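With the sequences and hints as input, model every part of the structure.
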Amino acid sequence: MTQLYALIIEDDPKLGLIFQTALQQAGYDTDLDENGNRYHAFLDARQPDLVILDLHLPYAFGGDILDVIRARYSDTVIAVVTADFIKAKTLTGKADHILVKPVSVASLLRLAESIKGQA
Amino acid sequence: MEWEHRDRKYADLLAYAIIEIPIMAGERCLGVLTLSRSKPDYTFTAAQTETGILFARLVALVLDNANLYESAVKEIAERERAQDSLQYSNQQQQVINSLLKISFEDNSMDEMLSIILDEIFSIEWMTISQKGGVFLFNEQTNTLDLRVHRNLAPALEIKCAKLNFGQCLCGRAALSREIQFADCLDERHEIRYEGMEEHGHYNVPILQGGKTLGVIVLYLPHGYQKTEKDIAFLHTVADAVAVLLRRKQVETLLLENEARFRQIVESANDVIYRTDMLGNFIYVNPTSLIIMGYKNESEVLGKNYLELAAPEWRHKLKRFYNRQFLTKQSNTYFEFPAINAGGEAIWFGQSVQIIKDGDAVVGFQAVARDITQLKQAQEALSLSRDQALEASRAKSQMLSRVSHELRTPLGGVLGFAELLQYNAFGALNKKQEEAVDHIIKSANYLTSMVNDLLDEAQIESGSLLLDNSYFDPAELLENVNSSMSMLADKKNIIFKTEISSDLPDELYGDVKRLQQVIINLAGNAVKFTREGEVRVAFKRAAPTFWSIEVRDTGAGIPDSERQIIFEPFRQINNSITRENRGSGLGLAITKQLVELMGGQISLESKVGKGSLFTITMPITNAPGE
Numbered sequence: 439m440t441q442l443y444a445l446i447i448e449d450d451p452k453l454g455l456i457f458q459t460a461l462q463q464a465g466y467d468t469d470l471d472e473n474g475n476r477y478h479a480f481l482d483a484r485q486p487d488l489v490i491l492d493l494h495l496p497y498a499f500g501g502d503i504l505d506v507i508r509a510r511y512s513d514t515v516i517a518v519v520t521a522d523f524i525k526a527k528t529l530t531g532k533a534d535h536i537l538v539k540p541v542s543v544a545s546l547l548r549l550a551e552s553i554k555g556q557a
Numbered sequence: 002m003e004w005e006h007r008d009r010k011y012a013d014l015l016a017y018a019i020i021e022i023p024i025m026a027g028e029r030c031l032g033v034l035t036l037s038r039s040k041p042d043y044t045f046t047a048a049q050t051e052t053g054i055l056f057a058r059l060v061a062l063v064l065d066n067a068n069l070y071e072s073a074v075k076e077i078a079e080r081e082r083a084q085d086s087l088q089y090s091n092q093q094q095q096v097i098n099s100l101l102k103i104s105f106e107d108n109s110m111d112e113m114l115s116i117i118l119d120e121i122f123s124i125e126w127m128t129i130s131q132k133g134g135v136f137l138f139n140e141q142t143n144t145l146d147l148r149v150h151r152n153l154a155p156a157l158e159i160k161c162a163k164l165n166f167g168q169c170l171c172g173r174a175a176l177s178r179e180i181q182f183a184d185c186l187d188e189r190h191e192i193r194y195e196g197m198e199e200h201g202h203y204n205v206p207i208l209q210g211g212k213t214l215g216v217i218v219l220y221l222p223h224g225y226q227k228t229e230k231d232i233a234f235l236h237t238v239a240d241a242v243a244v245l246l247r248r249k250q251v252e253t254l255l256l257e258n259e260a261r262f263r264q265i266v267e268s269a270n271d272v273i274y275r276t277d278m279l280g281n282f283i284y285v286n287p288t289s290l291i292i293m294g295y296k297n298e299s300e301v302l303g304k305n306y307l308e309l310a311a312p313e314w315r316h317k318l319k320r321f322y323n324r325q326f327l328t329k330q331s332n333t334y335f336e337f338p339a340i341n342a343g344g345e346a347i348w349f350g351q352s353v354q355i356i357k358d359g360d361a362v363v364g365f366q367a368v369a370r371d372i373t374q375l376k377q378a379q380e381a382l383s384l385s386r387d388q389a390l391e392a393s394r395a396k397s398q399m400l401s402r403v404s405h406e407l408r409t410p411l412g413g414v415l416g417f418a419e420l421l422q423y424n425a426f427g428a429l430n431k432k433q434e435e436a437v438d439h440i441i442k443s444a445n446y447l448t449s450m451v452n453d454l455l456d457e458a459q460i461e462s463g464s465l466l467l468d469n470s471y472f473d474p475a476e477l478l479e480n481v482n483s484s485m486s487m488l489a490d491k492k493n494i495i496f497k498t499e500i501s502s503d504l505p506d507e508l509y510g511d512v513k514r515l516q517q518v519i520i521n522l523a524g525n526a527v528k529f530t531r532e533g534e535v536r537v538a539f540k541r542a543a544p545t546f547w548s549i550e551v552r553d554t555g556a557g558i559p560d561s562e563r564q565i566i567f568e569p570f571r572q573i574n575n576s577i578t579r580e581n582r583g584s585g586l587g588l589a590i591t592k593q594l595v596e597l598m599g600g601q602i603s604l605e606s607k608v609g610k611g612s613l614f615t616i617t618m619p620i621t622n623a624p625g626e
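Residue numbers (the working numbering), protein chains in the order written: chain A, 439 to 557; chain B, 2 to 626.
Note that these hints are calculated values from the structure, not bench results.
Below, simulated DSS-like cross-link-like pairs (lysine-lysine); rule was C-alpha separation at most 27 Å, straight line:
(1) Lys212/B - Lys230/B
(2) Lys607/B - Lys492/B
(3) Lys227/B - Lys212/B
(4) Lys513/B - Lys525/A
(5) Lys607/B - Lys528/B
(6) Lys396/B - Lys527/A
(7) Lys304/B - Lys317/B
(8) Lys431/B - Lys452/A
(9) Lys396/B - Lys525/A
(10) Lys528/B - Lys442/B
(11) Lys491/B - Lys442/B
(12) Lys442/B - Lys452/A
(13) Lys513/B - Lys497/B
(14) Lys329/B - Lys304/B
(15) Lys212/B - Lys132/B
(16) Lys527/A - Lys513/B
(17) Lys513/B - Lys532/A
(18) Lys442/B - Lys492/B
(19) Lys163/B - Lys212/B
(20) Lys491/B - Lys431/B
(21) Lys452/A - Lys432/B
(22) Lys132/B - Lys227/B
(23) Lys607/B - Lys497/B
(24) Lys160/B - Lys212/B
Going by beta-carbon spacing under 7 Å, a handful of chain B positions derived as facing chain A:
(25) His405
(26) Arg408
(27) Thr409
(28) Leu411
(29) Gly412
(30) Gly413
(31) Leu415
(32) Gly416
(33) Glu419
(34) Leu420
(35) Ala425
(36) Thr448
Every value quoted in this text rests on a predicted model; they were computed, and no experiment measured them.
The C-beta atom is built at its ideal place from N, Cα and C for all residues, glycine as well.
Structure follows, in structure tokens:
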């Protein structure tokens, strides 16, 4: 079984740390892009199995990043994390999962496990 | 004379000599002078014959004169008769002319009657006294009322003020509808007074159609005999008077009506005016002047209505009323500001009717009301409504932002606590585990509060969107059951669910919101029930409706509280205790969500017995199905 890889794009460092820790607990390799300006490099380096994507980022809009990832890796599972429920709705059909903040570690682990099962 | 038989004629006479001399007047033979002798043997001498001829000439002269005289006398008589009847018809014509002229004059009824009476008295050929009067029929009292008179005795003036039909000569004339004539005070003359002088009467009914309009009474000298001429004339006069009366009555009625309408228009609190076809004022009522601040109507008459309108409204007004003019729309309503004499704006709401002459529009008639205060109130209201809406929007935005800003740190609290719980940072001792547990519970509670606030904010701002799809009601009820039964177990309360078999297998709606609503109601029921049970039932309420019932055996809700419990931020007693703490939004959100989904919520409750909340939802299909 290959090592699973999760890319986390989240500007809040605490949430970033939580997501990373939780996914590492679930056995994932993780990378964190805190500003939305480094994800290209990460994507170039490795296809993620899971992307945790915050919509509000200092340098980019999450929706645009979603399009970029989706265009590049059609089978990557993308979970959008947001407090903006209405904006999240507009992404229905593009994102695989929409997690409304506060995102519980339990739900994140369930998602991680479900991908592990498919892989 | 038959000359051939003269022999026989004379043969009877004992005549011995005859001399016959023609009596000649010019060429005409007027007769024959016959001289005869009764003694035999006497002849006429030449001198005697001469004398005879002379005599015949004299006779001719005399006879001729006599003829002349007779014919002269005849001619004079004829001429007199002609003159007489000419005078009669002249006077009659004059009287009728005068009466007709009366109708063109602007007199009151009594003034008119007075003139009529004088006209009748002016007739020279009728031997009437300058005494008499005119009665008119009074419909209200059903009597003949003496309206005008000339030279009547004061006693009569009172006694004859009101007569019944059939009473005295005048009443008889009215009743019989025929002229009553009397040459003396006979038994028909019922009304008398002491010292009354002998006299006669013509009592002439004034008739029109089948009605008696009145009676003209004229005094005659005692012993006066009626003539056909009088009667004929009086009939003519009565007919003329009847026409005048009728005309006067119609005119009076018209004038009264006009006066009445004028009074209404002039005393109306509304602005009433008329314009010609071009919109130039031709009439304005006093209220118009007062409201517009003008002293005299001459300041307004002739002006165009647009001149009085606020300049920035003239274009709109012109377009509006041009349209009415062209489409001949009979009545329109329009609101606009006018500028009064002092330069202030006054708002009018005005109804305008077109005035037509046949098919052509000849002008406009308007009734307008000063609605300045109304407009100001409306503006104030609209302003405060805008402000309220703005405030509500701002509140919703703020709530939305606050909830958003709370979510991120909540994520931190919850996330780290959960990581601790999963021993992500090393194993925890018993006390640490309990502490983490409390942190997670508190964070979850805080999350639900934030969710409530966001829901309320979204509902209030109208930005909450439903996510409708087909769902299985049994699955929904099972989800409710699994989230509620643990809670109920903890409180030792029975939690039961039931579903009617006639409910469709699939329903259309926002299943997440429905679940939220049911859990809200069921959660409250469990929270406020100390013992007994909570039941949630799905039923088919009607062919096109299904219902959700949430029944408990809790404390119940007093009547006085039933209205307010559905208001945001309200709880019974408004008290915050350990038991009932919460955002106070649950029921308000529930009600609003139910209504947003097209349903209704109702409540039956008895204090001490429990409550039953019933949500009724329409059974619908997805749009387009």
